[in-house]
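*Asks:* If you're matching them up, the sequences are chains L and H in order.
9 is the number of the first residue of the first sequence in the numbering used here; add one for each residue after it.
130 is the number of the first residue of the second sequence in the numbering used here; add one for each residue after it.
Since the hints were made in silico from the structure, they are not lab data.
Model, not experiment: these values are computed from the prediction.
There's no promise every hint is true.
As the list claims (entries may be wrong) - Have a look at the derived ranges for each label pair, beta carbon to beta carbon:
1. L:D522 / H:F265: 49 to 57 Å
2. H:M248 / L:R274: 49 to 57 Å
3. H:Q283 / L:R443: 52 to 60 Å
4. L:V275 / H:H362: 34 to 42 Å
5. H:P209 / L:I13: 25 to 33 Å
6. L:R274 / H:G277: 39 to 47 Å
7. L:I173 / H:F265: 28 to 36 Å
8. H:A178 / L:A34: 46 to 54 Å
9. L:S289 / H:P209: 15 to 23 Å
Ideal placement from N, C-alpha and C gives every residue a C-beta, glycine not left out.
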Amino acid sequence: MKEWIFTTDHKRVGILYLIGSMAAFAVAGLLAMAIRFELTWVGPTLIEADTYNVFLYFHGAAMILGFLIPGLTGFMANYLLPMMIGAHDVAFPRLNALSVWLYWFGIVLALLTFVVPDPPDIMWTGYAPYSTQYSSGNLSFYVFTVHLIGFSSLLGAVNFLCTVIYMRAPGMGWNQINFFVWTILGAFVIQLIFVPVLATAVTLLLLDKYLGTSFFVPSAGGDVLLYENLFWFYSHPAVYVILLPAVGALMEIISTMSKNPIFNYRVAVYGGVWGVVLLGSDVWAHHLYTSGMVDWVRIGMMVTTLIISVPVGLITISLVFTLYKGAIRFNTGMYYAASCLYLILIGGLTGIPLAMSSLTLHLGETYFVMAHFHFIMGMLATFALFASVYHWFPKMTGRMYNEKVGKAGFWLNFIGVNLTFYPLFIIGVEGMPRRYFDYEMFPQFQGSQQLATVGAILVAAGIAVMLINWIYSAISGEKAPNNNPWESASLEWTATASPPGPGNFPQPPEVSADWTPYDYQPRTAS
Amino acid sequence: MTDGHTQHHWEYSMFPFILALGVFLGVPLAFASFFQYGSGLAGAVFGLAGLLLIVIGIAGWTSEGLAENSENGYALTGLPIFIVSETMIFLSLFVSYWMLRLTAAQWPPEGTPHIGVGMPIFMTIVLVSSSITYHFGEEKLDAGDNSGFKFWLQVSIGLGLLFLGCTLYEYNHLIHEGFTFGTNAKSTAFYAITGFHATHVLLGLGIFVSVLIPALSGKTNRTFTGAAGLYWHFVDIVWFFVVSQIYFW
Ligand SMILES: [Cu+2]
Numbered sequence: 009m010k011e012w013i014f015t016t017d018h019k020r021v022g023i024l025y026l027i028g029s030m031a032a033f034a035v036a037g038l039l040a041m042a043i044r045f046e047l048t049w050v051g052p053t054l055i056e057a058d059t060y061n062v063f064l065y066f067h068g069a070a071m072i073l074g075f076l077i078p079g080l081t082g083f084m085a086n087y088l089l090p091m092m093i094g095a096h097d098v099a100f101p102r103l104n105a106l107s108v109w110l111y112w113f114g115i116v117l118a119l120l121t122f123v124v125p126d127p128p129d130i131m132w133t134g135y136a137p138y139s140t141q142y143s144s145g146n147l148s149f150y151v152f153t154v155h156l157i158g159f160s161s162l163l164g165a166v167n168f169l170c171t172v173i174y175m176r177a178p179g180m181g182w183n184q185i186n187f188f189v190w191t192i193l194g195a196f197v198i199q200l201i202f203v204p205v206l207a208t209a210v211t212l213l214l215l216d217k218y219l220g221t222s223f224f225v226p227s228a229g230g231d232v233l234l235y236e237n238l239f240w241f242y243s244h245p246a247v248y249v250i251l252l253p254a255v256g257a258l259m260e261i262i263s264t265m266s267k268n269p270i271f272n273y274r275v276a277v278y279g280g281v282w283g284v285v286l287l288g289s290d291v292w293a294h295h296l297y298t299s300g301m302v303d304w305v306r307i308g309m310m311v312t313t314l315i316i317s318v319p320v321g322l323i324t325i326s327l328v329f330t331l332y333k334g335a336i337r338f339n340t341g342m343y344y345a346a347s348c349l350y351l352i353l354i355g356g357l358t359g360i361p362l363a364m365s366s367l368t369l370h371l372g373e374t375y376f377v378m379a380h381f382h383f384i385m386g387m388l389a390t391f392a393l394f395a396s397v398y399h400w401f402p403k404m405t406g407r408m409y410n411e412k413v414g415k416a417g418f419w420l421n422f423i424g425v426n427l428t429f430y431p432l433f434i435i436g437v438e439g440m441p442r443r444y445f446d447y448e449m450f451p452q453f454q455g456s457q458q459l460a461t462v463g464a465i466l467v468a469a470g471i472a473v474m475l476i477n478w479i480y481s482a483i484s485g486e487k488a489p490n491n492n493p494w495e496s497a498s499l500e501w502t503a504t505a506s507p508p509g510p511g512n513f514p515q516p517p518e519v520s521a522d523w524t525p526y527d528y529q530p531r532t533a534s
Numbered sequence: 130m131t132d133g134h135t136q137h138h139w140e141y142s143m144f145p146f147i148l149a150l151g152v153f154l155g156v157p158l159a160f161a162s163f164f165q166y167g168s169g170l171a172g173a174v175f176g177l178a179g180l181l182l183i184v185i186g187i188a189g190w191t192s193e194g195l196a197e198n199s200e201n202g203y204a205l206t207g208l209p210i211f212i213v214s215e216t217m218i219f220l221s222l223f224v225s226y227w228m229l230r231l232t233a234a235q236w237p238p239e240g241t242p243h244i245g246v247g248m249p250i251f252m253t254i255v256l257v258s259s260s261i262t263y264h265f266g267e268e269k270l271d272a273g274d275n276s277g278f279k280f281w282l283q284v285s286i287g288l289g290l291l292f293l294g295c296t297l298y299e300y301n302h303l304i305h306e307g308f309t310f311g312t313n314a315k316s317t318a319f320y321a322i323t324g325f326h327a328t329h330v331l332l333g334l335g336i337f338v339s340v341l342i343p344a345l346s347g348k349t350n351r352t353f354t355g356a357a358g359l360y361w362h363f364v365d366i367v368w369f370f371v372v373s374q375i376y377f378w
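One chain only, chain L, in its complex shape:
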């Protein structure tokens, strides 16, 4: 037991991250179900309006800060990255343990929302002046949740940057590391630079509310738009903290399962990943189109927002063309990975109208925005995480999951999310506003809301089937036939046992100058 709670081993820290993020996902998912049931009929039905606001707050905060970011960086980077580069652990193992426990206590603090008499009701954005002057909710819990999880992530950034710089296997050059490793580097560079801005923004909320300063008090010379700018200066790039490791993992899965090297590896790395990191810092004002700013900023940010589809497009091209003429093996992980190609298309295309400031006047603050970012965050990134757990399941447990049950869960999830969010896109365009507790002025949308709820029930069933499959198979699934059931060429499969022991590698690996983690039969020249 103490070897788990006090562990400093990157694989066990990774598993702790996975457990924490799935717990946050489960709670936030149940709240989503409650929100969905409430919206199924016009008028107040299931929960109070105040409770609804608290649920909206917790759903957003827990899904982003508690599930997506720690799941895709904390879990994935910890479990996979050191093994992919041939390292026995991370550069600072104890700091890594501190990261995971700060994150866990961040979740515990967020969960206290349901215990205290004055839970925060300020969305995950915490906009001033509502959060500082009008809400009686416990702002400090929101602020310190951001601090704990943010600081945990900063320590992770320091740790993983040093790990990749110093601990690659002898002979492993920068163009030989896994694409996933590059995406983790990009994600942590973003965290390192932008998390402090969010941390400062919420700290100023704290000072305003509890110590009486006036950063966001216009009557005393403060400026509420300052908060929106600081907040989105981090929170737009945060999308890429989630997106980059997601596409990184998809690339690994697609390459392995289609036995093809990554198409255009260098373009995807230097143009795609680093293009996203560079451009991602210059688009945040698209969240404030309707809040007020001078025109040249509005138009400038519209242009940068549209241009960022170029690096994302470069990565997508590599994802799709890696499949070309591949010997594709469709297991459950690959089902999820393939569906992500469709999700990135729909999620990306629906982002384009939102980038246009003129269209945002109409679409902003409607269900269209909500459905758009759920396609990217709630489906693409989430499905990529599920794909990864399935793909690396034999590595983590030494056992195989049940393929039939896995695919059944996939179809429930996939049909469910489409059934949920397509109707919401449509009523969004027709003017259904976001966040409303009751839509008595728009009774014509009730039918679409009900379709969405049916979809959500399917997803809940799909998730339950998936979790049962994971837990059952981890305990008593069929033993994996060998250490490398998917016949991958990447170091975490070829050079370690499944599951790997302490120190990962029986022999510290060394690689030659022409080694790559995608050493599959190249396409025949035609």
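Starting from the known structure of chain L, arrange chain H with the ligand on it as the hints suggest.
*Replies:* Here is chain H with the ligand on its own, set in the frame of chain L:
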């Protein structure tokens, strides 16, 4: 944590967990008890329990690290990486300050007392001297003179404390003149920025103390002392920006 060769058992350490628990009790729970729920007693209990766990965590962690005696030097890269994010914190604070100041109708706004520049000049001298004295200490350490290192380290800690004393003296003076957190936009920026910098000085002093205590019994780690110095120099450099933006502009 052995480097290079194969391990046969799972590594573990209880101190990161203890430190995280201490932070959890000592910061969010203590703050919320005191400010949100108005319970000074609960705040004090959580604060003291947290502080105790934090001290135990850091002490245990330091002694484990010194016992391993690993000198891979990763920390000398890790710390500058961390300083990038510290820089971003101060940059966001300065940007907030510039926004308040450049959109204000009148600066300094009404209700701002005269803030002298004598004190910040003296504080600058103190902080720069402390950076230099720590550098002397590091040179002694490299020459193998442990007691010389301890002497200069203690001088640096003393200068750091003097700096914090000056801050408290100045705050006390200004608050008596009616210049508090909530007075106006200037007080908002003044206390937030100087206060944030002062907490970094406090943090730096904490790091110095956790270098000093093992050094008293002759244990030092060159990577750790180097990283501590690097952090202290960073805090020193930030102070120049604070002085120029807050006091001299
Ligand atoms: Cu955005």
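*Asks:* Are A178 of chain H and A34 of chain L spaced within 46 to 54 Å by their CB atoms?
*Replies:* Given a distance of about 30 Å, which is not inside 46 to 54 Å, the answer is violated.
*Asks:* State, for the Cβ atoms of I173 of chain L and F265 of chain H, whether the hinted interval 28 to 36 Å holds or is violated.
*Replies:* holds, 31 Å
*Asks:* So the hint says 49 to 57 Å: do the beta-carbon atoms of M248 of chain H and R274 of chain L match that?
*Replies:* holds, 56 Å
*Asks:* So does S289 of chain L sit 15 to 23 Å from P209 of chain H, Cβ to Cβ?
*Replies:* Cβ of S289 of chain L to Cβ of P209 of chain H: about 20 Å, so the range 15 to 23 Å holds.
*Asks:* Lying within 52 to 60 Å: is that true of the beta-carbon distance Q283 of chain H to R443 of chain L?
*Replies:* holds, 58 Å
*Asks:* Taking the Cβ atom of D522 of chain L and the Cβ atom of F265 of chain H, is their distance within the range 49 to 57 Å?
*Replies:* holds, 52 Å
*Asks:* Does 34 to 42 Å hold as the CB distance between V275 of chain L and H362 of chain H, or does it fail?
*Replies:* holds, 41 Å
*Asks:* Given the hint of 25 to 33 Å, check if P209 of chain H and I13 of chain L actually sit that far apart at their C-beta atoms.
*Replies:* With a Cβ separation near 32 Å, P209 of chain H and I13 of chain L satisfy 25 to 33 Å, so the hint holds.
*Asks:* Would you say the C-beta atoms of R274 of chain L and G277 of chain H sit inside 39 to 47 Å of each other?
*Replies:* Cβ of R274 of chain L to Cβ of G277 of chain H: about 52 Å, so the range 39 to 47 Å is violated.
When held up to the earlier numbered hints, the structure conflicts with 6 and 8 and fits the remainder.
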